[in-house]
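Please work from the sequences and hints to get the whole structure.
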Amino acid sequence: EDKVKEMRRMLRKVGGRSSSGASSSLSDRQPAVVPLTDEERSQVSLLKKQLNTANKRLMAMSRLKHQQEAEVEQLRTENAALAAQAKEAHQRALREQERHADAAKEQHKQAQLVLDRTVARM
Numbered sequence: 011e012d013k014v015k016e017m018r019r020m021l022r023k024v025g026g027r028s029s030s031g032a033s034s035s036l037s038d039r040q041p042a043v044v045p046l047t048d049e050e051r052s053q054v055s056l057l058k059k060q061l062n063t064a065n066k067r068l069m070a071m072s073r074l075k076h077q078q079e080a081e082v083e084q085l086r087t088e089n090a091a092l093a094a095q096a097k098e099a100h101q102r103a104l105r106e107q108e109r110h111a112d113a114a115k116e117q118h119k120q121a122q123l124v125l126d127r128t129v130a131r132m
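Numbering (this note's numbering), first residue to last: 11 to 132.
Hints should not be assumed to be uniformly reliable.
[Claimed, not checked] Computed beta-carbon distance windows for the label pairs:
| id | residue 1 | residue 2 | range |
| --- | --- | --- | --- |
| 1 | L104 | E11 | 52 to 60 Å |
| 2 | L104 | N65 | 53 to 61 Å |
| 3 | L123 | Q95 | 53 to 61 Å |
| 4 | Q101 | N65 | 51 to 59 Å |
| 5 | L104 | L68 | 47 to 55 Å |
| 6 | E79 | E116 | 30 to 38 Å |
[Said to hold, decoys possible] In silico lysine-lysine, DSSO-like type, Cα no more than 27 Å apart, as pairs:
| id | residue 1 | residue 2 |
| --- | --- | --- |
| 7 | K59 | K75 |
| 8 | K13 | K23 |
| 9 | K97 | K59 |
| 10 | K75 | K97 |
Quick caveat, the hints were computed from the structure, so don't treat them as lab data.
C-beta: ideal position from N, C-alpha, C; glycine also.
As C-alpha cells, this is what we get:
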C-alpha cells in the first residue's frame with residue numbers, strides 16, 4: 011500500500027503538478043502541456059508497470075484471503091456438525107452402558123433369589 015502511494019506521488023511529481031493536482035499560485039503555474047523527456051517517459055512507464063503489477067498482486071491476495079475465509083467458515087460448520095454427532099454418539103453409548111448395567115443388576119438379583127431359595131430348601 012505504501013509502495014502504491016509512493017508510485018502515485020512519483021507519477022504526480024513527474025507530471026509537474028502538486029499533490030492537489032493544480033499549481034499553488036499564479037506565479038508557479040506550469041504551461042498547460044509540459045513535454046516529458048525520454049527519461050521521464052521511461053520512468054512514468056516503469057512506475058505504471060510497477061503500479062499495475064502491485065494492483066494485480068493486491069487483487070490476487072484479496073481473492074485468496076476471501077477464499078481462505080470461506081474455507082475456514084466451511085471447516086467451522088463441519089466441525090460443529092461433527093461435534094454434535096460425537097456428542098450424540100457419546101450420549102447413546104452412555105445410555106447403552108447404563109442399560110447393560112441395569113440388565114446385569116437384574117441378572118445378579120435373579121441369581122441371588124435362586125441361590126437364596128436353594129439355601130432355604132437345604
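- Message: Of the numbered hints stated earlier in the document, which are not met by this structure?
- Response: Of the numbered hints, 3, 6, 9 and 10 do not hold.
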